[in-house]
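Please construct the entire structure, taking both the sequences and the accompanying hints into account.
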Amino acid sequence: MGLKLTRGSFAHPASSLRYHTGSWRMERPVHRHRPAPCHTACPAGEDAQAWLALIAEERYREAWEKVVAVNPLPAITGRVCHHPCEVACNRGHFDEPVAIHHMERWLGDKAIAADWDYPATPLAHGSQGVAVIGSGPAGCSAAWQLSRRGYKVDLFEALPVAGGLLRSALPHYRLPRDVLDAELERLLASGITFRPGQRLGRDFSLDELKAEYAAVFLAPGTQRSREWNIDGATPHDLHVGLDLLKRWVDVGTIPEWSSAAVIGGGNTAIDLARILRHCGVETVHVVTHQSLPRAGVEQIDTMSAIPREIEQAMEEGVIFHEHRGVQRLVLRGEQVIGLELVHRKELHEADGSKRYVSFEGTESLLHVDQVIPAIGQSVDPAGLSTLLEQRSHLDASEHGRLDGHPGLYAGGDACGGHGSVSAAIGDGRRAALAIERDLQQQTDSAEPAADPVTPAQLNMNYFEPQARQHAPVLPVAERSGEVEIIGTLTPQQAAQEAMRCLSCGNCLACDNCWTLCPDIAVLKTRRPAEDGSHYLFDYDFCKGCGLCARECPTAYIMMEPEQ
Amino acid sequence: MSHRELRQNQPRFSGLESGHRACQGCGEALAARLVTEAAGPDVVYANATGCLEVFTTAWPDSSWRVPWIHSLFENAPAVAAGMEAALKSRGKTTRVISMGGDGSTFDIGFQALSGMLERGHNVLHVCFDNEAYMNTGIQRSSSTPHAAVTTTSPSGKERMGKRHLKKDIVSIVAAHHIPYAATTSVAYPSDIRKKVRRALAIDGPTFLHVHSPCPLGWGHDGALSIEVARLAVQTGLFPIIELERGRLAGSMPIRTVHPVTDYLQLQNRFRHLFVDDARAREELEHLQALADHNIEVYNLRGTRPDNRDSEGADTVRRGGLRWA
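Line order of the protein sequences matches chains A and B. Just so we're aligned: 337 in numbering that gives the first Met the number 0 is position 338 of the first sequence, and the numbers increase by one with no gaps anywhere. Just so we're aligned: 70 in numbering that gives the first Met the number 0 is position 71 of the second sequence, and the numbers increase by one with no gaps anywhere.
Keep in mind that the hints were calculated from the coordinates and are not lab data. Mixed in with the good hints there might be a few duds.
To be verified - DEER-style ranges, computed between Cβ atoms:
id	chain 1	residue 1	chain 2	residue 2	range
1	A	R354	B	R270	57 to 67 Å
2	A	R60	B	G249	37 to 47 Å
3	B	D291	A	M25	34 to 44 Å
4	B	E4	A	V160	53 to 63 Å
5	B	L86	A	Q456	46 to 56 Å
6	B	H2	A	P12	42 to 52 Å
7	B	P40	A	Q495	30 to 40 Å
8	B	D291	A	E61	46 to 56 Å
9	A	T252	B	P304	52 to 62 Å
10	A	M459	B	F12	24 to 34 Å
11	B	N306	A	S363	31 to 41 Å
From a predicted model like this one, the values you see are computed outputs, not experimental measurements. Here a beta-carbon is modelled for each residue, glycine too, at the ideal position from N, C-alpha and C.
Right, here's the structure in full:
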């Protein structure tokens with residue numbers, strides 16, 4: 000061969016790798032995990048995005064462990080929670096929100112069926128433990144969080160069985176007892192010492208607890224019904240909503256009326272109204288000064304009951320009277336024969352105060368046999384009078400601390416306000432963290448402001464519409480009050496639903512950055528990289544064009560100014 | 000594992016390597032890498048003069064991992080034809096790809112391309128279309144779209160950017176009665192991959208026209224290259240079609256047709272159309288009419304959502320699975 004190549008006419012393959020184009024960069028791409036809106040919206044603090052991703056990868060047990068690290072009762076909350084996560088879900092702006100509560104329930108049920116152990120931790124902090132009063136959602140949550148951090152925990156319950164309000168007041172059609180029993184039994188077997196039949200103020204006092212334990216978390220719930228009368232008048236056979244509900248849940252009977260009116264707009268009112276219907280009460284009314292949930296109505300003016308439950312109550316024939324108040328009881332002797340209703344609203348003043356206004360000229364008569372107030376409860380002062388000081392609820396800080404009472408913490412319904420199971424679970428967890436910090440003599444670190452990923456930050460070009468999976472619902476005619484109304488997703492449905500999660504603020508491992516980098520400066524890793532993603536930026540070559548950040552479907556890549 | 004080792008162990012073949020001198024967000028660099036990735040290692044390339052040739056081979060380096068030749072602006076298809084004939088005479092099945100920009104394909108090397116197609120060489124010609132002579136400083140080519148500003152088609156008293164229309168190169172190429180000619184866009188990597196493989200599976204001359212935004216020449220942020228390319232498709236200004244033996248054999252339907260202004264307003268080369276001027280309004284209407292015409296002649300309006308349409312074709316999934 001006579002051909003001779005001169006040095007100027009050839010180059011070695013990929014020899015340009017010695018030229019580092021990274022020096023051109025003004026901005027650098029970084030992986031930045033930001034919370035998904037479902038995460039910041041969850042009162043219990045669950046990161047649904049994280050565990051949905053694990054389900055999508057068929058890592059079911061890890062997904063469940065991710066849930067229980069925050070919420071030990073997923074089979075329960077998956078059934079009873081009002082799921083604000085789904086209202087916040089970014090997918091709702093695209094087609095329909097991910098069915099997070101169905102997925103949580105499916106995962107909780109799977110853990111029960113497979114009997115996965117709660118990941119227990121050996122005792123690590125000496126013999127002086129923490130006392131938790133009340134085994135409702137707040138108490139169970141605090142006990143679990145302390146126990147999984149290596150604390151010795153005694154969980155006190157006045158009744159012979161655990162569960163608190165979950166057991167005493169949630170109707171079976173919303174929370175079957177086999178699910179409740181299975182989940183609580185498994186949780187309590189994780190290393191918590193359960194002490195049933197121990198009532199505060201009867202079997203022990205607060206002072207005794209303070210002497211024996213390093214810290215005490217109080218979650219006694221609200222056991223006392225508020226006084227109710229209309230201008231001093233009450234029917235002689237007055238039944239209070241929660242008591243009636245508890246009696247039905249416990250004994251399974253309810254007085255036989257032909258018609259009844261339940262006063263209130265919370266979950267107790269709705270549960271009770273539905274049970275009355277299931278038990279054959281012909282006409283059941285719900286009277287509330289608030290509005291039915293509908294678009295455009297402010298949260299503060301909306302009934303606090305779960306919209307799904309209100310909808311089902313309507314299907315079952317419960318009659319709702321919104322923006323109505325009871326002005327007068329129509330009595331024959333001491334027997335109710337009707338109610339005088341009036342249009343009534345809560346008006347909010349500019350200074351934040353509120354007042355009820357009844358509108359003259361809107362009075363009407365409602366014939367009923369019985370009126371049942373379900374207007375809220377207060378803490379039973381037995382054993383707690385020094386803390387309550389005449390108030391109806393305990394006054395705990397954001398971290399569950401009780402001002403002026405070091406070593407005492409509180410949460411759940413006893414602190415008033417929210418009244419949801421998931422909020423109580425969040426209270427328990429935050430208080431447990433505060434207890435740990437106080438015992439370790441650490442200070443509270445400032446929590447970063449919740450800055451969830453917004454729909455506009457996602458690149459929706461890369462997603463396709465996909466219908467939400469629906470769980471079966473029991474037809475109205477078959478609803479007896481005992482059988483669960485909403486069913487469970489099939490494993491196939493769950494797998495599909497997990498793939499609907501957009502993975503907001505986290506790596507989807509979709510290869511988009513790796514595929515689209517013009518400078519081959521994104522490298523795919525074999526195993527997840529340190530930050531949990533599947534890619535590395537090679538800053539020797541990245542020119543900082545920002546294409547990867549712009550095209551990242553999940554807003555996981557951010558551009559930062561180069562130093 | 001160091002970055003260097005990781006780079007050598009990527010689960011894909013790439014014919015183009017880092018260290019090339021393309022501008023930030025270069026659509027052509029991305030398109031070229033995607034083509035080499037789809038073509039695989041058993042391919043030799045002839046590259047015409049142009050951006051791609053210049054930025055990948057700054058002396059004494061090369062960014063190529065594949066056998067690659069550059070001769071002149073006008074002769075890449077002719078060089079490729081010679082390479083193909085030589086390989087054929089030695090009984091080798093190695094494939095040959097000739098590459099060029101719109102300058103070499105539409106204008107300067109057009110007769111070499113036409114000759115290669117006419118002689119029936121087993122060569123794929125890939126045109127990376129960035130719609131002007133970017134390498135020499137953004138002069139208009141016959142691919143520059145109507146009304147776009149380049150340094151040789153300025154807007155002013157006489158004209159609102161380029162007076163003439165973009166040459167319909169794919170129809171001209173297809174008129175050679177070749178087995179396969181197609182258009183694709185850098186916004187749809189899986190479409191590029193599919194069409195490169197399809198073309199290389201065919202015995203005979205084939206042609207692939209890749210729309211590749213140029214942030215510098217078009218006047219948009221480098222981060223927007225994919226967004227701009229995607230909108231060119233979704234407005235109908237750059238139809239994604241396949242022609243076999245000169246006849247339409249497939250197209251990418253547009254699920255949601257965007258107005259052309261969505262595409263134009265992202266680019267400074269069309270900025271003069273967004274002023275209060277009757278001529279500007281007329282040119283906007285003209286460009287919209289051109290898009291409408293494309294949609295009509297290629298029947299691009301999607302009838303129902305489809306995973307191969309303009310919105311479905313770039314869907315991503317956990318684990319990196321794309322449909323193509």
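Now for the hints, and whether the structure bears them out:
1. A hinted range of 57 to 67 Å holds for the C-beta pair A:R354 and B:R270, which are about 59 Å apart.
2. Distance hint for A:R60 and B:G249: a CB-CB separation of about 46 Å, consistent with the stated range 37 to 47 Å.
3. B:D291 and A:M25 have their C-beta atoms about 40 Å apart, which keeps the hinted 34 to 44 Å range intact.
4. Against the hinted window of 53 to 63 Å, the Cβ-Cβ separation of B:E4 and A:V160 comes to about 59 Å, which satisfies the hint.
5. For B:L86 paired with A:Q456, a C-beta distance near 50 Å keeps the hint of 46 to 56 Å intact.
6. With their beta carbons about 19 Å apart, B:H2 and A:P12 fall outside the hinted range of 42 to 52 Å.
7. Taking 30 to 40 Å as the suggested C-beta distance range, the pair B:P40 and A:Q495 conforms, at roughly 38 Å.
8. The hinted range of 46 to 56 Å is satisfied by B:D291 and A:E61, whose Cβ atoms lie roughly 53 Å apart.
9. Between A:T252 and B:P304, the C-beta spacing of about 54 Å keeps the proposed range 52 to 62 Å intact.
10. Between A:M459 and B:F12 the CB atoms are about 31 Å apart, so this pair conforms to the stated range of 24 to 34 Å.
11. One distance hint, 31 to 41 Å for the beta-carbon pair B:N306 and A:S363, is violated here, with the actual separation near 58 Å.
Taken one by one, the earlier hints fail for this structure at numbers 6 and 11, listed in ascending order.
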